[in-house]
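*Asks:* Sequence:
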Amino acid sequence: SKIYRFRKGEWKERGVGELRFLKHKVSNMIRILSRAEKTHKCTINHFPIKQDLLGNLEQLKTSNNSWTWAATDISDEVPA
Numbered sequence: 001s002k003i004y005r006f007r008k009g010e011w012k013e014r015g016v017g018e019l020r021f022l023k024h025k026v027s028n029m030i031r032i033l034s035r036a037e038k039t040h041k042c043t044i045n046h047f048p049i050k051q052d053l054l055g056n057l058e059q060l061k062t063s064n065n066s067w068t069w070a071a072t073d074i075s076d077e078v079p080a
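Just so we're aligned, residue 1 is where the sequence shown starts under full-length UniProt numbering, counting upward by one.
Bear in mind the hints are in silico, worked out from the structure with no lab data behind them. Bear in mind the structure is a predicted one, so any value in this text is a computation, not a measurement. Glycine included, C-beta positions come from ideal geometry on N, C-alpha and C. Keep in mind that the hints are not guaranteed to be accurate.
[Claimed, not checked] Think about it this way: if two alpha-carbon atoms lie no more than 30 angstroms apart in a straight line, the pair counts; the simulated DSBU-like pairs of lysine-lysine are:
#, residue 1, residue 2
1, 23, 12
2, 8, 41
3, 25, 2
4, 61, 12
5, 38, 8
6, 12, 41
7, 2, 61
8, 41, 2
9, 25, 41
10, 38, 2
11, 61, 8
12, 25, 8
13, 23, 38
14, 2, 12
15, 23, 61
[As the list claims (entries may be wrong)] Quick list of the computed label-pair ranges, beta carbon to beta carbon:
#, residue 1, residue 2, range
16, 8, 60, 28 to 34 angstroms
17, 27, 64, 17 to 23 angstroms
18, 25, 62, 34 to 40 angstroms
19, 30, 74, 18 to 24 angstroms
Could you build all of it, start to finish, from the sequences and the hints given here?
*Replies:* As structure tokens, then:
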């Protein structure tokens, strides 16, 4: 999958890799995890939560295989 983030009015690619939804055996909490194919750098690692616009996983209306959701991005040291 290709991972993008929306910053300063435009989509920027964050990496290509397998996107995984991991379910904890005890708590049943779901975590979204993705690592870049070549570098194995973590591009996504968070728990989706339903709070206002955050965590609402929605299929993109213009594509059958694209999904969007919102999360706090702290990858550049300053949350966006």
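*Asks:* Evaluate each hint against the coordinates.
*Replies:* Here is how each hint holds up against the structure:
| no. | hint | result |
| --- | --- | --- |
| 1 | 23 to 12 | holds, 28 angstroms |
| 2 | 8 to 41 | holds, 23 angstroms |
| 3 | 25 to 2 | holds, 28 angstroms |
| 4 | 61 to 12 | holds, 20 angstroms |
| 5 | 38 to 8 | holds, 27 angstroms |
| 6 | 12 to 41 | holds, 16 angstroms |
| 7 | 2 to 61 | holds, 17 angstroms |
| 8 | 41 to 2 | holds, 14 angstroms |
| 9 | 25 to 41 | holds, 25 angstroms |
| 10 | 38 to 2 | holds, 13 angstroms |
| 11 | 61 to 8 | holds, 22 angstroms |
| 12 | 25 to 8 | violated, 38 angstroms |
| 13 | 23 to 38 | holds, 25 angstroms |
| 14 | 2 to 12 | holds, 10 angstroms |
| 15 | 23 to 61 | holds, 27 angstroms |
| 16 | 8 to 60: 28 to 34 angstroms | violated, 21 angstroms |
| 17 | 27 to 64: 17 to 23 angstroms | violated, 32 angstroms |
| 18 | 25 to 62: 34 to 40 angstroms | holds, 37 angstroms |
| 19 | 30 to 74: 18 to 24 angstroms | holds, 20 angstroms |
Hints 12, 16 and 17 from the earlier list are contradicted by this structure; the remaining hints agree with it.
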